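Given next are the chains, with one letter for each unit.
There are 2 protein chains.
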Amino acid sequence: MVPGEPASGITMQIRGIIFDAYGTLFDVHSVASLAEEIFPSKGVALSNLWRDKQIEYTRLRTLSSRYVDFLRVTEDALRNACARLRLPLAERDLERLLAQYHRLDAFPDAVATLQRLRSQGFALAILSNGTPGMLESVVDSAGMSGLFDHLLSADEVHKFKTAPEVYQMGVAAFGCSAAELVFVSANGWDACCATWFGYQTFWINRASDPVEQLGVAPTRQGRQLNDLTDFVDRRTGS
Amino acid sequence: MVPGEPASGITMQIRGIIFDAYGTLFDVHSVASLAEEIFPSKGVALSNLWRDKQIEYTRLRTLSSRYVDFLRVTEDALRNACARLRLPLAERDLERLLAQYHRLDAFPDAVATLQRLRSQGFALAILSNGTPGMLESVVDSAGMSGLFDHLLSADEVHKFKTAPEVYQMGVAAFGCSAAELVFVSANGWDACCATWFGYQTFWINRASDPVEQLGVAPTRQGRQLNDLTDFVDRRTGS
Numbered sequence: 000m001v002p003g004e005p006a007s008g009i010t011m012q013i014r015g016i017i018f019d020a021y022g023t024l025f026d027v028h029s030v031a032s033l034a035e036e037i038f039p040s041k042g043v044a045l046s047n048l049w050r051d052k053q054i055e056y057t058r059l060r061t062l063s064s065r066y067v068d069f070l071r072v073t074e075d076a077l078r079n080a081c082a083r084l085r086l087p088l089a090e091r092d093l094e095r096l097l098a099q100y101h102r103l104d105a106f107p108d109a110v111a112t113l114q115r116l117r118s119q120g121f122a123l124a125i126l127s128n129g130t131p132g133m134l135e136s137v138v139d140s141a142g143m144s145g146l147f148d149h150l151l152s153a154d155e156v157h158k159f160k161t162a163p164e165v166y167q168m169g170v171a172a173f174g175c176s177a178a179e180l181v182f183v184s185a186n187g188w189d190a191c192c193a194t195w196f197g198y199q200t201f202w203i204n205r206a207s208d209p210v211e212q213l214g215v216a217p218t219r220q221g222r223q224l225n226d227l228t229d230f231v232d233r234r235t236g237s
Numbered sequence: 000m001v002p003g004e005p006a007s008g009i010t011m012q013i014r015g016i017i018f019d020a021y022g023t024l025f026d027v028h029s030v031a032s033l034a035e036e037i038f039p040s041k042g043v044a045l046s047n048l049w050r051d052k053q054i055e056y057t058r059l060r061t062l063s064s065r066y067v068d069f070l071r072v073t074e075d076a077l078r079n080a081c082a083r084l085r086l087p088l089a090e091r092d093l094e095r096l097l098a099q100y101h102r103l104d105a106f107p108d109a110v111a112t113l114q115r116l117r118s119q120g121f122a123l124a125i126l127s128n129g130t131p132g133m134l135e136s137v138v139d140s141a142g143m144s145g146l147f148d149h150l151l152s153a154d155e156v157h158k159f160k161t162a163p164e165v166y167q168m169g170v171a172a173f174g175c176s177a178a179e180l181v182f183v184s185a186n187g188w189d190a191c192c193a194t195w196f197g198y199q200t201f202w203i204n205r206a207s208d209p210v211e212q213l214g215v216a217p218t219r220q221g222r223q224l225n226d227l228t229d230f231v232d233r234r235t236g237s
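Keeping their order, the protein sequence lines are chains B and P.
The first sequence maps to residues 0 to 237 in numbering that gives the first Met the number 0.
The second sequence maps to residues 0 to 237 in numbering that gives the first Met the number 0.
Just chain B, same shape as in the assembly:
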């Protein structure tokens, strides 16, 4: 199927489905077991702070127009998280932890959900802060090769989410309006800001968190990736 072309046999209101990568398809906290091995009893704390700092640095660098790529941001965030937790980080362990980002675990229902959507004729994409190299390797590692029509990296515009230029990449790739696309994220802030941008949005709310208080809400939410299939079935009338 050509991306953007209606699938035959269904009333097509959705021209494509765009997934966030980290936290949505891939479990960023799957680094915690290696972190725990290196720093006993501190694995979860390190994993959480590493992720928080990673997100924070993407935002600060975008606000201040000081882009470096997501691999560098991820390394910087790891160094700071370790320093903040007073964990001495050997270079070799830094390399081992960073290498995990190239082979994060996919969430258990990710591959099956993507395959089902694909078999229904939906064009699929990833739109992520990750570098092209990071995205290719994590997709390959998870057995998702060939499932996506587009792997879209914020590296192309040298800004990170939630800059509109990043969300615009999905529109450009599919050649249709944001309202004809579904953007899927497990990061509540990403789902909200993508809604502001104009996408139909689906928030994978695994922890039953409240919606971010930003004066905007995702179009719909579910508890797992598989819940997305009901949403797009209803939208397409299939």
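Warning: the hint list may mix true and false statements.
[As the list claims (entries may be wrong)] Between beta-carbon pairs, the in silico distance windows are: (1) P/Gln223 to B/His157: 33 to 41 angstroms; (2) B/Leu84 to P/Ser144: 38 to 46 angstroms; (3) P/Pro87 to B/Leu70: 20 to 28 angstroms; (4) P/Glu135 to B/His101: 47 to 55 angstroms; (5) B/Glu155 to P/Ser64: 17 to 25 angstroms; (6) B/Arg85 to P/Val215: 18 to 26 angstroms; (7) P/Glu90 to B/His157: 40 to 48 angstroms; (8) B/Ser207 to P/Pro39: 40 to 48 angstroms.
[Claimed, not checked] Listed below are the simulated EDC-like cross-link pairs for lysine to aspartate or glutamate, each with C-alpha atoms no more than 20 angstroms apart in a straight line: (9) B/Lys41 to P/Asp208; (10) P/Lys158 to B/Asp75; (11) B/Lys158 to P/Asp208; (12) P/Lys158 to B/Glu55; (13) B/Lys158 to B/Glu36.
No lab work stands behind these hints: they were computed from the structure.
Since this is a predicted model, take the numbers as computed values, not measurements.
Note that beta-carbon positions come from the ideal geometry of N, C-alpha and C, so glycine has one too.
Based on the hints, put chain P in the right spot on chain B.
For chain P alone, coordinates are given in the frame of chain B:
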């Protein structure tokens, strides 16, 4: 003294000193005791999450060009923090907690430090995400009226830190280059991004945290506001 004019008798390399407000001069966690009264055993957790969400929302709204003022952001952050912690927030308690932001405690050495700098002839300013009304009331409440030449609010540019447009307000107010001004913040990210902008910066690092890993460092750091006086003494050669 006219802002920007050299003080007599010293070799003036600093044309003014600009302070961040929240977390730097005023203790945002002085809300914790009221929070504890309303939600026993949860006061500190609420205070911390409220602050984190407040900062997060300023960044998301600036990145996504969806400005609302800091009073609204502060209310939104409080509502979300309570929801996330599963704390039922009555409207009356919301109003009581928000009212605290107009009379936050100043850090113990804040007034004396400001008075000393002022007596040395330095022009002083606040540059903050807070609205003009929030800044005026918290300054008055802390007994700092008359100590500042400028109260500069991000509300004027409808962006929050760390957007360069916000830091630029200090330059515009003093009518000199950023390099001739000292920007003081206890928020490490604020001190780093102000350094990127071009200010001489002083980070009040009360918790002895590591510098944010952003490829830039504050010009200097200290443990308390009073440490700033050594820094500016050395710079001016007095």
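Hint check results:
1. A hinted range of 33 to 41 angstroms holds for the C-beta pair P/Gln223 and B/His157, which are about 39 angstroms apart.
2. For the pair B/Leu84 and P/Ser144, the supplied restraint of 38 to 46 angstroms holds, since their beta-carbon distance comes to about 41 angstroms.
3. For the hinted restraint 20 to 28 angstroms between P/Pro87 and B/Leu70, the CB-CB distance of approximately 43 angstroms leaves it violated.
4. A beta carbon spacing of about 52 angstroms between P/Glu135 and B/His101 agrees with the range 47 to 55 angstroms that was offered as a hint.
5. Range check, B/Glu155 to P/Ser64: about 20 angstroms between beta-carbon atoms, so the 17 to 25 angstroms window is met.
6. A hinted range of 18 to 26 angstroms for the beta carbons of B/Arg85 and P/Val215 is consistent with their spacing of about 23 angstroms.
7. The hinted range of 40 to 48 angstroms is satisfied by P/Glu90 and B/His157, whose Cβ atoms lie roughly 44 angstroms apart.
8. Checked against the hint of 40 to 48 angstroms, the pair B/Ser207 and P/Pro39 fails, with Cβ atoms roughly 24 angstroms apart.
9. A distance of roughly 18 angstroms separates the Cα atoms of B/Lys41 and P/Asp208; the hinted pair therefore holds under the 20 angstroms criterion.
10. Distance hint between P/Lys158 and B/Asp75 is unfulfilled; the C-alpha atoms sit about 26 angstroms from each other, more than 20 angstroms.
11. Among the hinted pairs, B/Lys158 with P/Asp208 is inconsistent with the structure: their alpha-carbon atoms are about 27 angstroms apart, more than 20 angstroms.
12. Between P/Lys158 and B/Glu55 the CA atoms are separated by roughly 17 angstroms; this keeps the pair inside 20 angstroms, and the hint holds.
13. This hinted pair does not check out: B/Lys158 and B/Glu36 have alpha carbons roughly 34 angstroms apart, beyond 20 angstroms.
Checked against the numbered hints above, the structure breaks hints 3, 8, 10, 11 and 13 and satisfies the rest.
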